[in-house]
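**Q** Sequence:
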Amino acid sequence: MKIAVAADHAGYLYKDQIAAALRAQGHEVLDYGTCDATPVDYPDYGYAVGESVASGQADRGIVVCGSSIGISIAANKVPGVRCAVITEPFSAELSRRHNDANVLALSERLTGWEMIERCVQVFLTTPFDGGRHEGRVKKLFEFGLPQRENALKAIEKGKVEGAETPKADLVGYKPY
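The working numbering applies: residue 122 is where the sequence shown begins, and numbers increase by one.
Read the hints as simulated data drawn from the structure, not as lab findings. The beta-carbon is built from N, C-alpha and C at its ideal position, and this holds for glycine as well. Please note: incorrect hints may appear among the correct ones.
Pairs of lysine to aspartate or glutamate, EDC-like flavour, derived with a Cα cap of 20 angstroms [to be verified]:
1. Lys288 - Asp250
2. Lys260 - Asp221
3. Lys198 - Asp162
4. Lys274 - Glu285
5. Lys259 - Glu172
6. Lys123 - Glu238
7. Lys274 - Glu263
8. Lys295 - Asp250
9. Lys123 - Asp180
10. Lys123 - Glu149
11. Lys198 - Glu263
12. Lys295 - Asp221
13. Lys260 - Asp290
14. Lys123 - Asp162
15. Lys259 - Asp180
Across the chosen pairs, the derived CB separations fall in these ranges [as the list claims (entries may be wrong)]:
16. Phe262 - Glu282: 21 to 29 angstroms
17. Thr247 - Gly147: 17 to 25 angstroms
18. Gln242 - Lys295: 20 to 28 angstroms
19. Gly265 - Glu285: 46 to 54 angstroms
All chains, full assembly: derive it from the sequences and hints.
**A** Now the structure itself:
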């Protein structure tokens, strides 16, 4: 698998460790930096990984910053990116199975290395379930005037209506 990685100055140590581990597993790594503690702007690194994944140059992406929040927001600005902030393996699994996440955001300051290793492995090996989740994932990129009008109507009414999953899509559904 070809994996794009990047980090800011608060995440470069984990990024370097992740890149080395991925290479040792036989993955091709596209490393967009940064490589030291010199302060940099995390959005530029999130954008680079996002564009690499969205354009098809990479199959998946991994971004790291101090908290994972800022760099994930940046990556999610790129059309076609579904970046998930992950701190433990079950969320990594669900981000793939239900959301078809294609970029993983991790925190060097808040998550221990052993947990990071496990999250990366789960993220890279878990498939997308498709099915009832496909329509939902598609909706993530459809926000325009009609969706905004529906959201404003929901605010006005005080509740969301008409968002029920079709019964045919619930065959075999088991809540976690």
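**Q** Hints first: check each against the structure and report whether it holds.
**A** The hints, checked one at a time:
1. A hinted pair counts as satisfied when its Cα atoms are at most 20 angstroms apart, and Lys288 with Asp250 qualifies at roughly 17 angstroms.
2. A hinted pair counts as satisfied when its Cα atoms are at most 20 angstroms apart, and Lys260 with Asp221 qualifies at roughly 12 angstroms.
3. Among the hinted pairs, Lys198 with Asp162 is consistent with the structure: their alpha-carbon atoms are about 15 angstroms apart, no more than 20 angstroms.
4. Between Lys274 and Glu285, the direct Cα distance comes to roughly 16 angstroms. Compliance with the 20 angstroms bound is thereby established for this hinted pair.
5. Proposed proximity of Lys259 and Glu172 is supported: the alpha carbons are some 18 angstroms apart, at most 20 angstroms.
6. Between Lys123 and Glu238 the alpha-carbon distance is near 17 angstroms, which keeps this suggested pair within the 20 angstroms criterion.
7. Simply put, Lys274 and Glu263 have alpha-carbon atoms about 17 angstroms apart, close enough for the 20 angstroms limit, and the pair holds.
8. Straight-line distance between C-alpha atoms of Lys295 and Asp250 comes to about 13 angstroms, which keeps the hinted pair within the 20 angstroms bound.
9. Between Lys123 and Asp180 the CA atoms are separated by roughly 5 angstroms; this keeps the pair inside 20 angstroms, and the hint holds.
10. Simply put, Lys123 and Glu149 have alpha-carbon atoms about 5 angstroms apart, close enough for the 20 angstroms limit, and the pair holds.
11. Among the hinted pairs, Lys198 with Glu263 is consistent with the structure: their alpha-carbon atoms are about 14 angstroms apart, no more than 20 angstroms.
12. At most 20 angstroms may separate the alpha-carbon atoms for a hinted pair to count; Lys295 and Asp221 meet this at roughly 19 angstroms.
13. Pair hint Lys260 plus Asp290 holds up; C-alpha atoms about 15 angstroms apart against a cutoff of 20 angstroms.
14. Of the supplied pair hints, the one linking Lys123 and Asp162 is violated, its CA atoms being roughly 25 angstroms apart against a limit of 20 angstroms.
15. A hinted pair counts as satisfied when its Cα atoms are at most 20 angstroms apart, and Lys259 with Asp180 qualifies at roughly 18 angstroms.
16. For Phe262 and Glu282, the Cβ-Cβ distance of about 22 angstroms falls inside the hinted range of 21 to 29 angstroms, so the restraint holds.
17. As the Cβ distance of Thr247 to Gly147 is approximately 18 angstroms, the hint placing it in 17 to 25 angstroms holds.
18. Separated by about 24 angstroms at the C-beta atoms, Gln242 and Lys295 satisfy the suggested range of 20 to 28 angstroms.
19. At roughly 22 angstroms, the beta-carbon separation of Gly265 and Glu285 lies outside the given 46 to 54 angstroms, and the hint is violated.
Hints 14 and 19 from the list above are not met by this structure, while the remaining hints are.
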